[in-house]
Amino acid sequence: MHKITRTDNASSVVGLSNVHKSFGPLKVLNGVSFEVNRGEVLVLIGRSGSGKSTALRCIDRFETIDSGEIVVCGHRVSDPKLDLRALRQDVGIVFQSYNLFPHLTIEENITLAPCSVKGISKAQAKEQARRVLAQVGLEDKLHQYPEQLSGGQQQRAAIARSLAMQPKVMLFDEVTSALDPELTGEVLKVIEALAADGMTMVMVTHEMGFARGIANRVVFMHHGKVHETGSAAILTSPATPELAQFVGTGL
Amino acid sequence: MGGSLNANHLMFLGYGALWTIGLSVIGLLGGGIAGFVVALCRISPSRIVRFLSTGYVQLIQGTPLLVIMFLTYFGLPALGVTVSPLTAAGASLTIFVSAYLGEIWRGCFESVPKPQWEAAEGLALSRSQRMLKVILPQAIRIATPPTVGFMVQIIKNTSLASVVGFVELARSGQIINNSLFEPFLIYTIIAVIYFALCYPLSRFSHRLEKRGDPARIELEAA
Chain A
11 MHKITRTDNA SSVVGLSNVH KSFGPLKVLN GVSFEVNRGE VLVLIGRSGS GKSTALRCID
71 RFETIDSGEI VVCGHRVSDP KLDLRALRQD VGIVFQSYNL FPHLTIEENI TLAPCSVKGI
131 SKAQAKEQAR RVLAQVGLED KLHQYPEQLS GGQQQRAAIA RSLAMQPKVM LFDEVTSALD
191 PELTGEVLKV IEALAADGMT MVMVTHEMGF ARGIANRVVF MHHGKVHETG SAAILTSPAT
251 PELAQFVGTG L
Chain B
11 MGGSLNANHL MFLGYGALWT IGLSVIGLLG GGIAGFVVAL CRISPSRIVR FLSTGYVQLI
71 QGTPLLVIMF LTYFGLPALG VTVSPLTAAG ASLTIFVSAY LGEIWRGCFE SVPKPQWEAA
131 EGLALSRSQR MLKVILPQAI RIATPPTVGF MVQIIKNTSL ASVVGFVELA RSGQIINNSL
191 FEPFLIYTII AVIYFALCYP LSRFSHRLEK RGDPARIELE AA
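Chains as they are written, first to last, in the numbering used here: chain A, 11 to 261; chain B, 11 to 232.
Worth flagging that the hints you see were computed from the coordinates, not collected in a lab.
Heads up, some of the hints might be wrong.
As the list claims (entries may be wrong) - Here are the simulated DSS-like pairs of lysine-lysine, each with C-alpha atoms no more than 27 angstroms apart in a straight line: (1) A:Lys178 / A:Lys132; (2) A:Lys91 / B:Lys124; (3) B:Lys124 / A:Lys128.
If we strip away everything but chain B, and leave its shape as in the complex, we get (with noise of 0.2 angstroms):
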């Protein structure tokens, strides 16, 4: 219909993904601010923190990102905030997965075995102290091929972004699409993009588990 496929549509579909990938970034960092808040208040000593952390992850985890967006993006301007696209999706985003990246890394805080916290604490370090030097660096091992694993889950859900009128990769595609109407080849190449995000990471993630322990890793290099 509108002609064929050109240097400035595959430009178009460049710009979309690098704001797929700053809209990933942008949840990433703050999901993860976020989320290692979200998981010290579930592990927190007090029962009200530990039950107001619980109850908001399982609320997240029960709402589609999608119906998050919505709420933000056309249910706050109801109330009288009016939001861009771009924070919406970003707001959105870092709600999702500072609820799920708050749940992995609350489990792994609890995966290092609990003598190692009896440890920490025989030895009169203070629970900042224990949290900081002995439990984090333990976690942080564990928790490096889950966490990039979920980047994966990420970038996929960006495209999400789209419905609110976000230009991300997804949208990008569909804006060409309308106007090219060859949504097979136009959708594969979408498609293929976002396997070329998303393989490395996967790869990575499983190398990452594979290797384990990074002790080991350093000393073999040094």
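Isolated chain A (complex conformation) (with noise of 0.2 angstroms):
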């Protein structure tokens, strides 16, 4: 019924158009569109239960949708035939829970992905954990185990695993929720470094003040739709009085 019309600018990344999903009676996403260009960050707010973290995990494929289609790095998401690992071997997602392995070492957690889905030699995967490692500042931690660094410094050691497979987007789905604010500020330093390189990003926050600085867009989401988007600048002055509440309560 809804003809697709994808748009064939080449530098888009991640697009959604119409995106519908329920969870069984409980509509999540309702007819959710947005595209995000190369080097753009996109910044999805809303309240709890509005259906920003399953737009992102839809991305990934993490949840199916139930119609709409979603084009990410050329990947058709929707498509049943899609190449799951060649999807996520372009995208990379950090969870709130950073769900490193516990079972290895920072260094072996960086090293896993690129070794075998890769193939790439274990020295040259060292050499590349240490890079990313420095990237996000962890480059003594190579050889502890995730449960003897801190919060926040597991979550930038999740950052570099992400980062060592050399994804083309990064997904962030509400990575400093679980954090006091003095590691969220540590956190969310690595996040604005990788922004300035030009990596492509679209994260799920609360942390307004942070979107309001690295957002080249934000996606304001309400009962499953986009109510309201535009540049940070609709975080100070909102158009909808929904977004003008959500921020409002949010200072």
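Using the hints, put the two chains back together into the complex; each one sits in its own frame.
As structure tokens, this is what we get:
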């Protein structure tokens, strides 16, 4: 029924058009569309249950959608014949709960996927691990186990683990929600540095101040729909009363 | 009646105890391998595989080991397949243990937190890589204490092999008692030997449970 008009904009990295998704009787996404271009940072905000995390997880096919289309780095995510592993080599995802592998050292956590998925040599992978850890300021933690690190350090290591796969786009799902303000700051600094390097990113966050500083585009979700979207300026001068109320309570 | 307990009797009991250990090892290895397959089937993405393996587990868990022993030893010859007591006892234990260990290990796989599976998926690891490199090492840690605990059950259950004429510890006790007619003495000795086999395993299992994370132990040892 809904003919997909895919913009053949070469710089589009992530595109959702008219995405619908229900969990049983609960409609979580109700016709969501947005696009992220290369080098852009898109921030998804909204109340709990507004569908922002689900939208993010659909991009990496952790949730399947009922209708609509999602195209990520040329992969048609909604296609049942999608090559999932190819998609996930292009997309890095970082979760709220870090999810480092507890039985492996930080170095092993980082080298596991490049070695087993991309087949690069151990030596090369270790070299790369050192580089990405330096990028997040943890070069001295190579041989430690995750539980020996603070929450903020674990989250930075998780970001480094994703970076080692050299993704074309990074997804961040409330990555600072489990951290206290001080640790949140060190993680956000790492993400800011990534943005400055031109990494394409989609993130769900409740850190409004951070969103204002980093977002090229803000998508405010409400009841499973994109309720308001625009540059970071909409956070300071919202057009809809719902967003006004949301940012108002956030201050 | 037939004289008193002597060194030969004790030798015979020792020999029976060795067979109890041997049969336990057969049950543990056979049942362990089959149980691993059962556990994998129970968490398979394929519905039909999950359905069949669930049926297998429920069928075996709902059947007494004694009846499985009767079926293999007396039932199979009726169908034209003759089996020795050792084969019948070994096969029965393997079937029995595979259902229980399969279920214990399924629980262990599933108790590895779901985000761990997702993180591995997000890194583009294949299903077998996720299983082998991320889930299995964590599941083994969780599985070790209950598995060692279950070994106690295996040892005790080997005594049922006596009904198919397999001479393990319990059966050798019966044989000696038939000639000496000292049931209290003989069965006390048997009980003590079983206890001596099982108790260290129980203790070991408890210690493993309390100790928890092996990573920390390795680090402390280093």
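Okay, the hints, checked on the actual structure:
no.: 1; hint: A:Lys178 / A:Lys132; in the structure: holds, 23 angstroms
no.: 2; hint: A:Lys91 / B:Lys124; in the structure: holds, 24 angstroms
no.: 3; hint: B:Lys124 / A:Lys128; in the structure: holds, 24 angstroms
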